[in-house]
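**Student:** Residue numbers (our numbering), protein chains in the order written: chain A, 1 to 398; chain B, 399 to 514.
FYI, nobody ran anything at the bench for these hints, they're computed from the structure.
Quantities reported herein were computed from a predicted structural model and do not represent experimental measurements.
Where hints are given, some of them may not hold.
The list that follows gives simulated cross-link-like pairs (lysine-lysine, DSS-like), each with its CA atoms no further than 30 Å apart [stated by the list, open to error]:
#: 1; chain 1: B; residue 1: K466; chain 2: A; residue 2: K288
#: 2; chain 1: A; residue 1: K175; chain 2: A; residue 2: K17
#: 3; chain 1: A; residue 1: K67; chain 2: B; residue 2: K466
#: 4; chain 1: A; residue 1: K175; chain 2: B; residue 2: K498
#: 5; chain 1: A; residue 1: K104; chain 2: B; residue 2: K508
#: 6; chain 1: B; residue 1: K498; chain 2: A; residue 2: K97
#: 7; chain 1: A; residue 1: K263; chain 2: A; residue 2: K216
#: 8; chain 1: B; residue 1: K514; chain 2: B; residue 2: K488
#: 9; chain 1: B; residue 1: K477; chain 2: B; residue 2: K488
#: 10; chain 1: A; residue 1: K112; chain 2: B; residue 2: K450
#: 11; chain 1: B; residue 1: K434; chain 2: A; residue 2: K96
#: 12; chain 1: B; residue 1: K514; chain 2: A; residue 2: K112
#: 13; chain 1: B; residue 1: K442; chain 2: A; residue 2: K97
#: 14; chain 1: A; residue 1: K67; chain 2: B; residue 2: K486
#: 15; chain 1: B; residue 1: K514; chain 2: A; residue 2: K97
#: 16; chain 1: B; residue 1: K498; chain 2: A; residue 2: K67
#: 17; chain 1: B; residue 1: K458; chain 2: A; residue 2: K67
#: 18; chain 1: B; residue 1: K512; chain 2: A; residue 2: K96
#: 19; chain 1: A; residue 1: K104; chain 2: B; residue 2: K514
#: 20; chain 1: B; residue 1: K508; chain 2: B; residue 2: K488
#: 21; chain 1: B; residue 1: K450; chain 2: A; residue 2: K97
#: 22; chain 1: B; residue 1: K458; chain 2: A; residue 2: K69
#: 23; chain 1: B; residue 1: K498; chain 2: A; residue 2: K96
#: 24; chain 1: B; residue 1: K506; chain 2: A; residue 2: K67
#: 25; chain 1: B; residue 1: K512; chain 2: A; residue 2: K104
#: 26; chain 1: A; residue 1: K104; chain 2: A; residue 2: K241
#: 27; chain 1: B; residue 1: K488; chain 2: A; residue 2: K67
#: 28; chain 1: A; residue 1: K69; chain 2: A; residue 2: K97
#: 29; chain 1: A; residue 1: K279; chain 2: A; residue 2: K317
#: 30; chain 1: B; residue 1: K477; chain 2: A; residue 2: K67
#: 31; chain 1: A; residue 1: K69; chain 2: B; residue 2: K477
#: 32; chain 1: B; residue 1: K458; chain 2: B; residue 2: K514
#: 33; chain 1: A; residue 1: K255; chain 2: A; residue 2: K369
#: 34; chain 1: A; residue 1: K390; chain 2: A; residue 2: K288
One-letter residues, chain by chain:
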Amino acid sequence: MSVSRSRATNLHRAERKTLFAFLFLYSIFSIIILAFLAFIYYNLQKDLMLEGQTNRLQEDSFLLISKLKYLHEHFEEEQVYPRFENFRSAIYDSSKKLIFTTLKEESVNLDKTLYSVNDNIHYIRLLESYYLGTMYVVIEISDDGVWLNFVKTEVIAYGTILFLIFLFVGYYLLKLMLRPMRNTLSFLDRFIKDTTHELNTPVTAILTNIEMIDQKKLDPIVAKKIRRIDIASRTISNIYKDLTFTALGNKVISKDESIDLYKLLSERIEYFKIIALSKNIEFITSLKRNVFIYIDRTKMTRVIDNLLSNAIKYNKKAGYIKVTLEDGYIEIEDGGIGISQKDIDAVFDRFSRFNSSEGGFGLGLNIVKSILDEYGIKIKFISKVNKGTKVRVYWEKL
Amino acid sequence: MGKIINIIFLLSFLGMKIQGFAKENIYEENCMRCHKQMSLGMQKIFMRYLLKYSSEMPVKSAIIDFLKNPNYFTSALRKDQIARYGLKTKTTLTDEELEKAVDIYWEKYKIFGKLK
Numbered sequence: 001m002s003v004s005r006s007r008a009t010n011l012h013r014a015e016r017k018t019l020f021a022f023l024f025l026y027s028i029f030s031i032i033i034l035a036f037l038a039f040i041y042y043n044l045q046k047d048l049m050l051e052g053q054t055n056r057l058q059e060d061s062f063l064l065i066s067k068l069k070y071l072h073e074h075f076e077e078e079q080v081y082p083r084f085e086n087f088r089s090a091i092y093d094s095s096k097k098l099i100f101t102t103l104k105e106e107s108v109n110l111d112k113t114l115y116s117v118n119d120n121i122h123y124i125r126l127l128e129s130y131y132l133g134t135m136y137v138v139i140e141i142s143d144d145g146v147w148l149n150f151v152k153t154e155v156i157a158y159g160t161i162l163f164l165i166f167l168f169v170g171y172y173l174l175k176l177m178l179r180p181m182r183n184t185l186s187f188l189d190r191f192i193k194d195t196t197h198e199l200n201t202p203v204t205a206i207l208t209n210i211e212m213i214d215q216k217k218l219d220p221i222v223a224k225k226i227r228r229i230d231i232a233s234r235t236i237s238n239i240y241k242d243l244t245f246t247a248l249g250n251k252v253i254s255k256d257e258s259i260d261l262y263k264l265l266s267e268r269i270e271y272f273k274i275i276a277l278s279k280n281i282e283f284i285t286s287l288k289r290n291v292f293i294y295i296d297r298t299k300m301t302r303v304i305d306n307l308l309s310n311a312i313k314y315n316k317k318a319g320y321i322k323v324t325l326e327d328g329y330i331e332i333e334d335g336g337i338g339i340s341q342k343d344i345d346a347v348f349d350r351f352s353r354f355n356s357s358e359g360g361f362g363l364g365l366n367i368v369k370s371i372l373d374e375y376g377i378k379i380k381f382i383s384k385v386n387k388g389t390k391v392r393v394y395w396e397k398l
Numbered sequence: 399m400g401k402i403i404n405i406i407f408l409l410s411f412l413g414m415k416i417q418g419f420a421k422e423n424i425y426e427e428n429c430m431r432c433h434k435q436m437s438l439g440m441q442k443i444f445m446r447y448l449l450k451y452s453s454e455m456p457v458k459s460a461i462i463d464f465l466k467n468p469n470y471f472t473s474a475l476r477k478d479q480i481a482r483y484g485l486k487t488k489t490t491l492t493d494e495e496l497e498k499a500v501d502i503y504w505e506k507y508k509i510f511g512k513l514k
């Protein structure tokens, strides 16, 4: 099968997740602040532009009023409303009823003095002498939009610069806040590395020496004790490998190769049989030959070992473990204590354990998930409390 | 049957027309008669009211107030015009008739729809 591997990163996963979540919220917050500032700036610029037009609009209104005065005095002879090239106008009586208009924009707000609406600027002037009954004179000129383009350019340019500064400051602050967490994690990593390094030599020595002992020649009672030591050593060895993977997993370069799963599964079942025997657990196997997968051998071994180890750990005494290998999947089923539905979602969390009476660090399934995710392989849990658990690891067939 | 309906329709139409003439008569009889004699232009007086009161309701209200209680302060005429023509006497019309006459006056001289 062909599978892709995710990119390695120096940042710890939890730290990276926190960083992204924080930056996402921080960015939204920054955008809201910037939008608010842009809105204030836009309104200020608009007011400035309108102020700049005031003199001209006042002059236009004087011109119109003088024409209205003339028209009022000569209404019997002259009834043509004055029109101008530079501006448009409208007149309203004291009840805000329209007397006449040449405006482009229909909506007029007589309660304001100066405002812009749909690319037009309106200036409202109140008359003291109501020529032709006019109380409100509206002068309209077109807004060329030059100021708006200027404001847009400024808002985009300064907004982007400010946003980047905000983002940089946010990132720096977060790094500062996460420093204690990073230090703790580094300490934990160092501790695990040191511990595992110190464990390696004695565990290897015990296992090698037990293998060299010819148990047939031993007294049955001594042989039983040796088997117990063997089981304990293998358990320690398994924990050691998990810890090593957790501490160094991201930094170890994978050596992917085509793995014969029949051989690997048989080998690992054989390895765990001794541990399973301590609880009288029986292995039932149905392994198809010639099923291959392209993966790093050590990583696939960690996946199988952890699933088998869990199947033994959470099994009942004299229980069973059924291992099935078919094209595209491995299935490991046990008749153990099972997991409740609400706990299934948390099985892959680091340091999560579902039975405090059993040993372990709660690293196993987290390691399994991280390896499978790296290769795009899927895993599914089906479990019933007190009935058992079925774990299926499946991938696309070649 | 059809004839009866036609007669009713004709009578109603005539009734409306007569009512219209009666309305016009209130204005013509009670306002225009004197103003014509004195050559005091109704349009000019209207424009004076408009200059001071702007919209329909205040204009009508000011005219009615003046007609009910004519005095130097509420008159739309200039001082020299008052000296020349004198103040008019109090109206003898009822409130309803007065309102009708002023409505006709407003409709005749209002600015709305006249500007081009």
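**Student:** Now, for every hint given, state plainly whether the structure supports it.
**Tutor:** Okay, the hints, checked on the actual structure:
1. K466(B) x K288(A): Measuring from Cα to Cα gives roughly 117 Å; hence the hint is violated.
2. K175(A) x K17(A): Judged against 30 Å, a Cα distance of about 13 Å means the pair holds.
3. K67(A) x K466(B): violated (35 Å)
4. K175(A) x K498(B): violated (86 Å)
5. K104(A) x K508(B): holds (25 Å)
6. K498(B) x K97(A): Given that 30 Å is the threshold and the Cα spacing comes to 22 Å, the pair holds.
7. K263(A) x K216(A): Cα-Cα ~27 Å, so holds.
8. K514(B) x K488(B): Given pair K514(B), K488(B) is violated - Cα atoms ~38 Å apart, limit 30 Å.
9. K477(B) x K488(B): holds (19 Å)
10. K112(A) x K450(B): holds (23 Å)
11. K434(B) x K96(A): violated (34 Å)
12. K514(B) x K112(A): holds (27 Å)
13. K442(B) x K97(A): holds (22 Å)
14. K67(A) x K486(B): Violated. K67(A) to K486(B) sits at ~34 Å, over the 30 Å cutoff.
15. K514(B) x K97(A): holds (17 Å)
16. K498(B) x K67(A): violated (33 Å)
17. K458(B) x K67(A): holds (26 Å)
18. K512(B) x K96(A): It holds: about 18 Å lies between the C-alpha atoms, which stays within 30 Å.
19. K104(A) x K514(B): Since the Cα atoms of K104(A) and K514(B) sit roughly 17 Å apart, the hinted pair holds (cutoff 30 Å).
20. K508(B) x K488(B): Holds: K508(B) and K488(B) sit about 25 Å apart, inside 30 Å.
21. K450(B) x K97(A): Holds, at about 16 Å.
22. K458(B) x K69(A): holds (22 Å)
23. K498(B) x K96(A): With Cα atoms ~24 Å apart, K498(B) and K96(A) stay inside 30 Å; holds.
24. K506(B) x K67(A): Given pair K506(B), K67(A) holds - Cα atoms ~24 Å apart, limit 30 Å.
25. K512(B) x K104(A): holds (21 Å)
26. K104(A) x K241(A): violated (81 Å)
27. K488(B) x K67(A): Cα-Cα ~37 Å, so violated.
28. K69(A) x K97(A): holds (19 Å)
29. K279(A) x K317(A): holds (5 Å)
30. K477(B) x K67(A): Answer holds: K477(B) to K67(A) is near 27 Å, not above 30 Å.
31. K69(A) x K477(B): The hint holds at about 22 Å.
32. K458(B) x K514(B): With Cα atoms ~25 Å apart, K458(B) and K514(B) stay inside 30 Å; holds.
33. K255(A) x K369(A): Judged against 30 Å, a Cα distance of about 19 Å means the pair holds.
34. K390(A) x K288(A): holds (18 Å)
The structure does not agree with the numbered hints 1, 3, 4, 8, 11, 14, 16, 26, 27 stated previously, though it agrees with the rest.
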